[in-house]
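As a plain string of letters, each chain reads:
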Amino acid sequence: MRLGIVGAGQSACTLATELIRGNFDGEILVFNGEPHRPYQRPPLSKSWLKMPADTNILLLLPEPIENHASIQWIGEWVKLIKPDSGEIYTEQATYRVDQIVLATGTRARRLTIKGLPPETGHVIRTLGDAERLRQHIDDAKNITIIGAGFLAFELAATLDHPDRIIRIVAKANRLLPQVSLKTADRLVGSSPASTLVDVKIESFDTVNKSLITNHGPVPADLVIIAAGAIPNTEIAERCGLGTAEGIATDEFMQTPHPKVSAIGEVSLHHQPHLGRSERVESISEANDSATTCAKRLLGHSEPFGAIPWFWSDQGQLKLQIAGLCARSDDETCLISTDADSVVIRHCGDRVTAVEAINAPKEFMAARRLFERGTVSLSALIKVGSVFDLLQSSRS
Amino acid sequence: MPQLNCIDPREQAIEVTFNPGETILQATHRAGVDGILAECGGGCSCATCHVILDHTWDGTLVGPSTQELDMLSFAVDPTPHSRLACQVELSDKHDGLSLSVAKRQY
Numbered sequence: 000m001r002l003g004i005v006g007a008g009q010s011a012c013t014l015a016t017e018l019i020r021g022n023f024d025g026e027i028l029v030f031n032g033e034p035h036r037p038y039q040r041p042p043l044s045k046s047w048l049k050m051p052a053d054t055n056i057l058l059l060l061p062e063p064i065e066n067h068a069s070i071q072w073i074g075e076w077v078k079l080i081k082p083d084s085g086e087i088y089t090e091q092a093t094y095r096v097d098q099i100v101l102a103t104g105t106r107a108r109r110l111t112i113k114g115l116p117p118e119t120g121h122v123i124r125t126l127g128d129a130e131r132l133r134q135h136i137d138d139a140k141n142i143t144i145i146g147a148g149f150l151a152f153e154l155a156a157t158l159d160h161p162d163r164i165i166r167i168v169a170k171a172n173r174l175l176p177q178v179s180l181k182t183a184d185r186l187v188g189s190s191p192a193s194t195l196v197d198v199k200i201e202s203f204d205t206v207n208k209s210l211i212t213n214h215g216p217v218p219a220d221l222v223i224i225a226a227g228a229i230p231n232t233e234i235a236e237r238c239g240l241g242t243a244e245g246i247a248t249d250e251f252m253q254t255p256h257p258k259v260s261a262i263g264e265v266s267l268h269h270q271p272h273l274g275r276s277e278r279v280e281s282i283s284e285a286n287d288s289a290t291t292c293a294k295r296l297l298g299h300s301e302p303f304g305a306i307p308w309f310w311s312d313q314g315q316l317k318l319q320i321a322g323l324c325a326r327s328d329d330e331t332c333l334i335s336t337d338a339d340s341v342v343i344r345h346c347g348d349r350v351t352a353v354e355a356i357n358a359p360k361e362f363m364a365a366r367r368l369f370e371r372g373t374v375s376l377s378a379l380i381k382v383g384s385v386f387d388l389l390q391s392s393r394s
Numbered sequence: 000m001p002q003l004n005c006i007d008p009r010e011q012a013i014e015v016t017f018n019p020g021e022t023i024l025q026a027t028h029r030a031g032v033d034g035i036l037a038e039c040g041g042g043c044s045c046a047t048c049h050v051i052l053d054h055t056w057d058g059t060l061v062g063p064s065t066q067e068l069d070m071l072s073f074a075v076d077p078t079p080h081s082r083l084a085c086q087v088e089l090s091d092k093h094d095g096l097s098l099s100v101a102k103r104q105y
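If you read the protein sequences in the order shown, they are chains A and B.
Using numbering that gives the first Met the number 0, the letters of the first sequence map in sequence onto residues 0 to 394.
Using numbering that gives the first Met the number 0, the letters of the second sequence map in sequence onto residues 0 to 105.
This is chain A alone, in the form it adopts within the complex (with noise of 0.2 Å):
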């Protein structure tokens, strides 16, 4: 068989890592447009930045994978596919495949901003982006942050300075929405970071170096723009496959045409521990829905039935969280003292995550509690902590 994977991150590394070494019977073509060798994405935001400029970042595949003689690497952007002949188009060639596997990723989501001068505006989502972003660090006395996510405080903490100002400023009317108020309360209470929500940005004063919001001038001589990222679904839709919110594969990540599946955060499938189908931005997903493909590839399916997880540093904050919870969901809080804190959140009895801060031993209860089935926030409650639970029921 050959097969072509289209992208080459997190979920195309552990695709073509699962299927080298299940013993794939054919050949693996891996589209990769950027300028570098797969490296991991996680670092970019945190530790990464703040090394000296000759710092190599960390690759995504063991030497032996990405030398193997099963896999041609194909360094040009992929822009069109045609399932019915296999047919994969870049700008210079055609290339002719049996399986087309789409893990086309998501990109930074730019704002326009009417005077943000290019070298001022950031995004950081590729390492090109970390690379650019890192050359301006050092002269950037006052930083600017516009969004209200993880990405949002962990960029915060990486770049805290005594001679540094950093502002996060957020459209939302709340910050850290994926979380419970109590969880961001906590990230939001250490963050080096002064914030702002209910923020329109009207534009950028260069003269004064200063964003023009609703709220007065925001100080800024560098603005990072982490409002999100948005699925590369243009590809899919192209041949009629996904819209602009995903991907839609079924449970083996299989989309409607047989030829064509659909990985990482870009797919868009059933997820078992939260009842119904949602894009997922984790490692978790990326690895967890490449296994998945990579077996159906291999010729012994089982469908996706992994537990998200995630995980932020903030910091001296280690976040971590078990399992999915819709934003709505109810938050109880577990545990909470000067150096941790536990939040459970739940629809009704059934515990549906686990916020854990500097709480290893809860998120990793959690994941293993989440693996045997349904956790009951009343039996949580009556131990007292989600690491007696697991002892409880394992005696």
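Keep in mind that a hint or two might mislead.
What the hints assert, rightly or not - DSBU-like cross-link-like pairs, simulated, lysine-lysine; straight-line CA separation at most 35 Å:
id, chain 1, residue 1, chain 2, residue 2
1, A, LYS78, A, LYS294
2, A, LYS49, B, LYS92
3, A, LYS258, A, LYS81
4, B, LYS102, A, LYS81
5, A, LYS45, A, LYS294
6, B, LYS102, A, LYS45
7, B, LYS92, A, LYS317
8, A, LYS49, A, LYS258
9, B, LYS102, A, LYS294
10, A, LYS49, A, LYS317
11, B, LYS92, A, LYS78
What the hints assert, rightly or not - Chain B stretches covered by chain A per the calculated footprint, using a threshold of three residues with CB under 8 Å from any CB of chain A:
id, region
12, 22-31
13, 36-42
14, 65-71
Unchecked claim - Looking from chain A toward chain B, a few residues come up when the C-beta cut is under 10 Å (computed):
id, residue
15, PRO42
16, LEU58
17, ALA247
18, PHE309
19, ARG367
Hints were generated in silico from the structure; no laboratory data involved.
A quick note: this is a predicted structure, and the numbers were derived from the prediction, not measured.
Each residue gets a CB set at the ideal place from its N, CA and C atoms; glycine is no exception.
Since the structure of chain A is provided, determine the placement of chain B on it from the hints.
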């Protein structure tokens, strides 16, 4: 270049070279040592890069943090010499360090 002596889960011995300043995970991952999953990419968040170090090297290493110990308690059959490969930074003095990769990460 300094090197590590690794035993993978199938008892295969592999010599892995490293650059001082790298973690055990970075060196073994690049070399493609089997059995280290590192699902979180080295963020001390998944406990799937469990390795067991030769105890005679204990004195040369900075001990595990509470976070690492807590994560390790969820590894399969941890030992007193278990570590998460992503949390052990290597220097020149670790040339020749021996380790075995845990038989199972789950």
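Hint-by-hint comparison with the structure:
no.	hint	verdict
1	A:LYS78 / A:LYS294	holds, 28 Å
2	A:LYS49 / B:LYS92	holds, 26 Å
3	A:LYS258 / A:LYS81	holds, 10 Å
4	B:LYS102 / A:LYS81	violated, 44 Å
5	A:LYS45 / A:LYS294	holds, 33 Å
6	B:LYS102 / A:LYS45	holds, 31 Å
7	B:LYS92 / A:LYS317	holds, 30 Å
8	A:LYS49 / A:LYS258	violated, 43 Å
9	B:LYS102 / A:LYS294	holds, 22 Å
10	A:LYS49 / A:LYS317	holds, 18 Å
11	B:LYS92 / A:LYS78	violated, 50 Å
12	22-31	holds (count 5)
13	36-42	holds (count 5)
14	65-71	holds (count 3)
15	PRO42	holds, 8 Å
16	LEU58	holds, 7 Å
17	ALA247	violated, 25 Å
18	PHE309	holds, 9 Å
19	ARG367	holds, 7 Å
Taken one by one, the earlier hints fail for this structure at numbers 4, 8, 11, 17, listed in ascending order.
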